[in-house]
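Novice: Sequence:
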Amino acid sequence: MKGLFKNNFLSVWTNAKIFLLFMFAMGIVVTIIPNQTWQMYFIIIGIAGLAVNAATIENEFSSKWEKYKLTLPIKRIDIIKSLYINQLLWIMIGVFFVGITIALSYLLHGVPLEQFESISGVVVIGISISLTMGAIFIPMIYLAGKDKTIVFLIISLLCAVGIAAMLFNIPLFGSFILIGCSILLFIVSFPLTVSIFKKKEY
1 MKGLFKNNFL SVWTNAKIFL LFMFAMGIVV TIIPNQTWQM YFIIIGIAGL
51 AVNAATIENE FSSKWEKYKL TLPIKRIDII KSLYINQLLW IMIGVFFVGI
101 TIALSYLLHG VPLEQFESIS GVVVIGISIS LTMGAIFIPM IYLAGKDKTI
151 VFLIISLLCA VGIAAMLFNI PLFGSFILIG CSILLFIVSF PLTVSIFKKK
201 EY
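Residue numbers for the sequence shown follow our numbering, so the first one is 1 and each next one is one higher.
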């Protein structure tokens, strides 16, 4: 299990480093210039971008790699579990990264209460989009195969954004409903993917 997780992490690390460098440069601008619109884009791009990068593990959807893993003394459920843990890890890295940057901006410039509430809502949206995207994408790619990775990634991301837009605007409890539904969908997605993978033959 530990080896699977390490492999998944290293598989996306190269692309993640490039993305983090871009986000670091963007973060400097956001820290220096306290523009709320820029901060919102920075949060969404930072959290969702790392989640998308984590979902598209290059080696994971290679038929040769999948065949090789099945010869190892590991269970199929552990293979899927490592993917979901990896997804959660990169979401947390994204939240931590944007959180530190926004906190530095607030320390330098101060922040009114209403702006803090708006930024908190954007963080909820970013996390929810990331969870929902992973919950849709991972079982879809195991069901249909790696040849449709880009198509399914776009579909899952659009679905996640659409769900977030609908649920977040529910009066009073929109953000709680949104994060609750995205967490539930992510949890339900796991046994569904395991079921698909167990029936898969090579």
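Hint data in this document are derived by calculation from the structure and do not stem from the laboratory. Be a bit skeptical, because a hint or two may be false.
Simulated pairs of lysine-lysine, DSSO-like, Cα-Cα distance not exceeding 27 angstroms [said to hold, decoys possible]:
1) K199 with K148
2) K6 with K17
3) K148 with K81
4) K75 with K17
5) K198 with K148
6) K198 with K81
7) K148 with K75
8) K148 with K17
9) K148 with K6
10) K81 with K199
11) K75 with K198
12) K6 with K199
13) K75 with K199
14) K81 with K17
15) K81 with K6
16) K198 with K6
Ranges of calculated distance between the beta carbons of each label pair, as one might list FRET restraints [claimed, not checked]:
17) I28 with S120: 35 to 43 angstroms
18) F96 with S118: 30 to 38 angstroms
19) I33 with K199: 24 to 32 angstroms
20) L21 with V188: 31 to 39 angstroms
21) A25 with I154: 37 to 45 angstroms
22) K6 with Y41: 18 to 26 angstroms
Virtual Cβ for every residue (Gly too), placed ideally from N, Cα, C.
Novice: Let me make sure I understand: some of the numbered hints might not hold for this structure. Which ones are they, in numerical order?
Specialist: Hints 4, 17, 18, 19, 21 and 22 not satisfied by this model.
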